[in-house]
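Student: So the sequences go chain by chain: A and W.
Last residue of the first sequence: number 343 in the working numbering, and the count goes up by one each step with no gaps.
Last residue of the second sequence: number 283 in the working numbering, and the count goes up by one each step with no gaps.
Source of the hints: derived by calculation from the structure; they are not laboratory data.
You may find that some hints are simply not true.
Now the in silico label distances, taken between C-beta atoms and shown as ranges [claimed, not checked]:
{"hint": "1", "chain 1": "A", "residue 1": "A320", "chain 2": "W", "residue 2": "R169", "range": "21 to 27 Å"}
{"hint": "2", "chain 1": "W", "residue 1": "P251", "chain 2": "A", "residue 2": "S301", "range": "51 to 57 Å"}
{"hint": "3", "chain 1": "A", "residue 1": "D88", "chain 2": "W", "residue 2": "S115", "range": "37 to 43 Å"}
{"hint": "4", "chain 1": "A", "residue 1": "T181", "chain 2": "W", "residue 2": "G275", "range": "50 to 56 Å"}
{"hint": "5", "chain 1": "W", "residue 1": "G102", "chain 2": "A", "residue 2": "P158", "range": "30 to 36 Å"}
{"hint": "6", "chain 1": "A", "residue 1": "R178", "chain 2": "W", "residue 2": "A253", "range": "45 to 51 Å"}
{"hint": "7", "chain 1": "A", "residue 1": "A320", "chain 2": "W", "residue 2": "R279", "range": "37 to 43 Å"}
{"hint": "8", "chain 1": "A", "residue 1": "S301", "chain 2": "W", "residue 2": "R279", "range": "27 to 33 Å"}
{"hint": "9", "chain 1": "W", "residue 1": "R279", "chain 2": "A", "residue 2": "R178", "range": "26 to 32 Å"}
{"hint": "10", "chain 1": "W", "residue 1": "P218", "chain 2": "A", "residue 2": "L157", "range": "28 to 34 Å"}
{"hint": "11", "chain 1": "W", "residue 1": "G49", "chain 2": "A", "residue 2": "G176", "range": "38 to 44 Å"}
Just so it is clear, CB atoms sit at the ideal spot from N, CA and C, and this is done for glycine as well.
Each chain, written out:
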Amino acid sequence: MFRGTRPRPTRPLGAGPSRPQADTGPRAAAETTAAQTTQGRLMGAKLLTISDAVAVVENGMTIGIGGWGSRRKPMALVRALARGPATDLTVVTYGGPDVGLLAAAGKIRKLVSGFVSLDSVPLEPHFRAARQRGEIEFAELDEGMLQWGLLAAAHRLPFLPIRAGLGSDVPATFPGLRTVTSPYDDGEELLAMPALPLDVAFVHANRADAAGNAAFLGPDPYFDDLFCLAARHRVLSCERVVETAELTKEAPVQALRINRMMVDAVVGTPNGAHFTSCVPDYDRDEAFQRVYVTAAGGDGSGWAAFHDRYLAGDEAAYQAAVRADGGSAGRAGDRAREKEGAR
Amino acid sequence: MTQLDATAAGATGTAGATGMAGAPGTAPRAARRADVCALACAEAFRDAGEILASAFGTAPALGVRLARRTFAPDLLLSDGEAMLMADPPPLGAVPAGAVVEGWLPFRSVFDVVASGRRHVVMIPSQLDAHGNMNISAVGPHGHPRAQLIGTRGAPGNTVNHRTSYWVPRHGPRVFVERVDVVCGVGYDRAAAAGPAASRFHGLGRVVTDLAVLDFAGPGHRLRLASVHPGVTVDEVVAATGFPLALPDGGPGAVPTTPAPTPAELDLLDAFDPKGLRFREVPA
Numbered sequence: 001m002f003r004g005t006r007p008r009p010t011r012p013l014g015a016g017p018s019r020p021q022a023d024t025g026p027r028a029a030a031e032t033t034a035a036q037t038t039q040g041r042l043m044g045a046k047l048l049t050i051s052d053a054v055a056v057v058e059n060g061m062t063i064g065i066g067g068w069g070s071r072r073k074p075m076a077l078v079r080a081l082a083r084g085p086a087t088d089l090t091v092v093t094y095g096g097p098d099v100g101l102l103a104a105a106g107k108i109r110k111l112v113s114g115f116v117s118l119d120s121v122p123l124e125p126h127f128r129a130a131r132q133r134g135e136i137e138f139a140e141l142d143e144g145m146l147q148w149g150l151l152a153a154a155h156r157l158p159f160l161p162i163r164a165g166l167g168s169d170v171p172a173t174f175p176g177l178r179t180v181t182s183p184y185d186d187g188e189e190l191l192a193m194p195a196l197p198l199d200v201a202f203v204h205a206n207r208a209d210a211a212g213n214a215a216f217l218g219p220d221p222y223f224d225d226l227f228c229l230a231a232r233h234r235v236l237s238c239e240r241v242v243e244t245a246e247l248t249k250e251a252p253v254q255a256l257r258i259n260r261m262m263v264d265a266v267v268g269t270p271n272g273a274h275f276t277s278c279v280p281d282y283d284r285d286e287a288f289q290r291v292y293v294t295a296a297g298g299d300g301s302g303w304a305a306f307h308d309r310y311l312a313g314d315e316a317a318y319q320a321a322v323r324a325d326g327g328s329a330g331r332a333g334d335r336a337r338e339k340e341g342a343r
Numbered sequence: 001m002t003q004l005d006a007t008a009a010g011a012t013g014t015a016g017a018t019g020m021a022g023a024p025g026t027a028p029r030a031a032r033r034a035d036v037c038a039l040a041c042a043e044a045f046r047d048a049g050e051i052l053a054s055a056f057g058t059a060p061a062l063g064v065r066l067a068r069r070t071f072a073p074d075l076l077l078s079d080g081e082a083m084l085m086a087d088p089p090p091l092g093a094v095p096a097g098a099v100v101e102g103w104l105p106f107r108s109v110f111d112v113v114a115s116g117r118r119h120v121v122m123i124p125s126q127l128d129a130h131g132n133m134n135i136s137a138v139g140p141h142g143h144p145r146a147q148l149i150g151t152r153g154a155p156g157n158t159v160n161h162r163t164s165y166w167v168p169r170h171g172p173r174v175f176v177e178r179v180d181v182v183c184g185v186g187y188d189r190a191a192a193a194g195p196a197a198s199r200f201h202g203l204g205r206v207v208t209d210l211a212v213l214d215f216a217g218p219g220h221r222l223r224l225a226s227v228h229p230g231v232t233v234d235e236v237v238a239a240t241g242f243p244l245a246l247p248d249g250g251p252g253a254v255p256t257t258p259a260p261t262p263a264e265l266d267l268l269d270a271f272d273p274k275g276l277r278f279r280e281v282p283a
């Protein structure tokens with residue numbers, strides 16, 4: 001756990017080879033001047049590479065991950081976390097393959113969640129295996145309790161009362177959970193869902209500007225804004241980094257759920273939610289997800305081959321391997337690239 | 001009794017609806033077990049009013065559509081993502097141009113749960129006679145023999161609004177004396193946890209591939225309410241891992257679960273043109 005000041009990346013922000021995958025041409029340079037005057041801050045100072053953005057994570061930290069199940073997960077950041085050095089993590093998430101990849105890499109000490117699922121495949125194979133080996137402590141919550149814990153942290157409250165969980169085994173499986181009695185005439189005894197403060201949050205948006213204003217373009221914001229509000233350090237990846245004015249051209253202003261005071265680092269990661277869905281940019285890559293599930297089963301040789309093919313290198317190598325597959329896995333990448341090229 | 005919406009066939013008149021059973025000039029087909037299950041799920045929503053109807057599994061998904069289209073027109077249905085659909089869509093992809101009547105992302109669903117204006121059908125991995133339900137893990141929670149999907153919204157659902165259950169394979173591994181992890185709260189646990197837990201608690205029915213059960217047994221214990229056509233009371237009792245209460249009058253007094261009418265079968269075929277329900281319940 002870090003104390004005092006917010007964790008800082010070890011390399012200079014947005015400089016030299018760390019320059020991220022975003023517009024860096026003359027137009028971007030021209031925009032910088034305007035941004036400096038309107039926002040009093042060097043636009044682009046938050047733009048980081050994937051590895052720099054993830055380098056803030058230290059052993060033992062509590063990491064919140066946005067999205068839901070196998071939907072709009074910040075998978076590029078998760079993949080980087082899985083191949084990085086930080087371990088012994090507490091992961092707070094509406095769990096999907098983010099949990100699976102981190103579990104397969106042995107990064108998770110404790111999971112705080114209500115479920116782990118791949119949606120179209122109900123059970124997450126790596127999470128299952130790790131739990132059945134007794135490797136992961138599971139602080140299991142009702143889905144609404146998890147939201148309440150994030151909201152309490154966001155509001156700097158010690159807890160929020162909730163009915164969910166009463167009578168169930170949640171109090172038996174979530175250590176230290178207590179009840180609170182209403183001070184009003186009803187006198188109801190409810191669960192006191194403790195705040196779930198996060199050291200770092202990872203979320204993935206469809207679009208963001210370099211300052212961290214972000215839009216979701218799909219039908220559900222999930223709880224990404226709450227993850228950001230509950231965290232001390234917030235890392236936002238996105239399909240495309242755009243100019244600020246572009247954000248409201250592509251989406252109603254209500255889609256700008258996350259603004260720049262909720263974000264510390266911005267990373268452009270095209271196809272970065274793959275193989276989870278990131279509608280309308282792309283659907284879940286069901287074919288690839290099946291490959292992932294199959295590889296995770298059996299004696300481990302399948303997973304070793306999967307790891308060698310997709311996870312041994314960096315994000316660019318991952319995306320290249322996905323494209324090289326062709327089929328639906330490759331097509332997902334193609335769609336993302338076509339949209340890039342269309343701009 | 002069943003008031004069919006006159007626009008029903010037209011509204012779902014996608015490619016899959018053509019050639020369905022009961023088309024003019026063909027004899028109505030006989031109802032299969034999966035059809036009976038879907039209607040039994042629909043019946044859980046009779047008189048439910050203007051609430052969100054949520055369903056896990058094929059028979060419940062068809063049931064809420066059938067209920068919405070026939071005897072429970074005030075129900076609200078989602079597309080499984082974040083949209084409320086003005087007209088129940090067929091299973092699978094929502095047709096292009098389908099009318100959206102509302103926006104209900106996950107966080108709004110949680111608000112609806114807490115408000116109580118919802119009835120959900122969930123699929124238990126284990127269920128006991130009091131209605132305690134497990135979808136978390138089999139074996140000790142710290143080191144499970146089988147990790148399941150996780151408790152999801154079951155704790156909140158069961159203490160906030162009506163919850164029913166769908167069991168596609170009625171057997172003693174599902175119907176157990178004691179569940180390993182209590183996710184959905186049964187009557188005994190709700191009562192023991194105090195007024196805040198029991199205030200809005202109330203389980204609906206349990207529909208299985210063999211029978212319909214309710215919680216009208218002694219002390220709100222599970223009771224056999226009806227057996228599906230072709231199923232005997234003895235079969236259901238033998239497939240249940242605890243003593244199953246029977247209606248007054250004993251085994252002979254157990255009624256048979258109603259089968260869908262030809263018009264209801266037509267609707268089921270229109271909602272499920274690929275016959276997914278027959279894969280879920282092959283009998």
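Student: Each hint needs a verdict: does it hold in this structure or not?
Tutor: Taking the hints in turn, this is what the structure says about them:
1. Distance hint check for A320 of chain A and R169 of chain W: the Cβ-Cβ separation is about 44 Å, which falls outside the suggested range of 21 to 27 Å.
2. Between P251 of chain W and S301 of chain A the Cβ separation comes to about 54 Å, which falls inside the hinted range of 51 to 57 Å.
3. Checking the proposed 37 to 43 Å range against D88 of chain A and S115 of chain W shows it holds: the Cβ atoms sit about 40 Å from each other.
4. Look at T181 of chain A against G275 of chain W: about 53 Å separates their beta carbons, and that is inside 50 to 56 Å.
5. Separated by about 35 Å at the C-beta atoms, G102 of chain W and P158 of chain A satisfy the suggested range of 30 to 36 Å.
6. Judged by the Cβ atoms, the range 45 to 51 Å given for R178 of chain A and A253 of chain W holds: they are separated by roughly 48 Å.
7. The hinted window of 37 to 43 Å between A320 of chain A and R279 of chain W holds, with their beta carbons roughly 38 Å apart.
8. For S301 of chain A and R279 of chain W, the Cβ-Cβ distance of about 32 Å falls inside the hinted range of 27 to 33 Å, so the restraint holds.
9. Between R279 of chain W and R178 of chain A, the C-beta spacing of about 46 Å breaks the proposed range 26 to 32 Å.
10. Restraint check, P218 of chain W to L157 of chain A: a C-beta distance of roughly 44 Å breaks the suggested window 28 to 34 Å.
11. Here the CB-CB span from G49 of chain W to G176 of chain A is close to 39 Å, well matched to the stated 38 to 44 Å.
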